[in-house]
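A.B. asks: Sequence:
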Amino acid sequence: MTAADPARVIVVARSWVGTPYHDQASLRGVGCDCLGLARGIWREVVGPEPFPIPPYSRDWGETGPREVLAEGAGRMMPEIAAADAPPGALILFRMMPRAIAKHVGILTGPDTFLHAYERLGVIEEALTPAWRRRIAFAFLFPAR
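To convert, note that position 69 of the sequence shown is 69 in UniProt numbering; the numbers rise steadily by one, no gaps.
In short, the hints are calculated from the structure, not lab data.
Honestly, I wouldn't trust all of these hints.
Claimed, not checked - The following label-pair restraints were derived from C-beta to C-beta distances:
no. : residue 1 : residue 2 : range
1   : 143       : 20        : 25 to 33 Å
2   : 2         : 119       : 31 to 39 Å
3   : 15        : 66        : 28 to 36 Å
4   : 23        : 84        : 17 to 25 Å
5   : 130       : 81        : 31 to 39 Å
6   : 64        : 8         : 28 to 36 Å
7   : 128       : 81        : 16 to 24 Å
8   : 144       : 118       : 25 to 33 Å
9   : 118       : 15        : 31 to 39 Å
10  : 29        : 49        : 26 to 34 Å
11  : 65        : 7         : 17 to 25 Å
12  : 86        : 133       : 29 to 37 Å
For each residue, glycine too, the CB sits at the ideal point set by N, CA and C.
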């Protein structure tokens, strides 16, 4: 599977900056959550979403035997080692120890990423050591 042009992924992702946070939404300029941001980028870079996204909990401390978000991403995107993730990669964060990965971002540079955050909306910020150590999975957007 060929990866999408990372420069295009980043341009599209940055076009979402300023979109307000809205749980389970995915409309640029109107509202999205972190997964909705990734879904919107997918639609513009890759095309229609391949399957509907079922409702999901907002609990970042959720535990369980399955990494549901990573499994879903893996059905559509090539997984890469998190340590090797380049700009343009989708990254999944494990927000609490022993919890499943529940937060999504897009690397925009070696030390920056973009994500939708409650109360702040879509922002681009530094990939600080605190954020970096939470990265659990990384995937590449496929080419159309």
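A.B. asks: Next step is simple, just say for each hint if it's right about the structure.
C.D. replies: Against the structure, the hints come out as follows:
no., hint, verdict
1, 143 to 20: 25 to 33 Å, "holds (30 Å)"
2, 2 to 119: 31 to 39 Å, "holds (38 Å)"
3, 15 to 66: 28 to 36 Å, "holds (33 Å)"
4, 23 to 84: 17 to 25 Å, "violated (32 Å)"
5, 130 to 81: 31 to 39 Å, "violated (20 Å)"
6, 64 to 8: 28 to 36 Å, "holds (34 Å)"
7, 128 to 81: 16 to 24 Å, "holds (20 Å)"
8, 144 to 118: 25 to 33 Å, "holds (32 Å)"
9, 118 to 15: 31 to 39 Å, "violated (21 Å)"
10, 29 to 49: 26 to 34 Å, "violated (19 Å)"
11, 65 to 7: 17 to 25 Å, "violated (38 Å)"
12, 86 to 133: 29 to 37 Å, "violated (19 Å)"
Comparing the model with each numbered hint stated earlier shows that hints 4, 5, 9, 10, 11, 12 do not hold.
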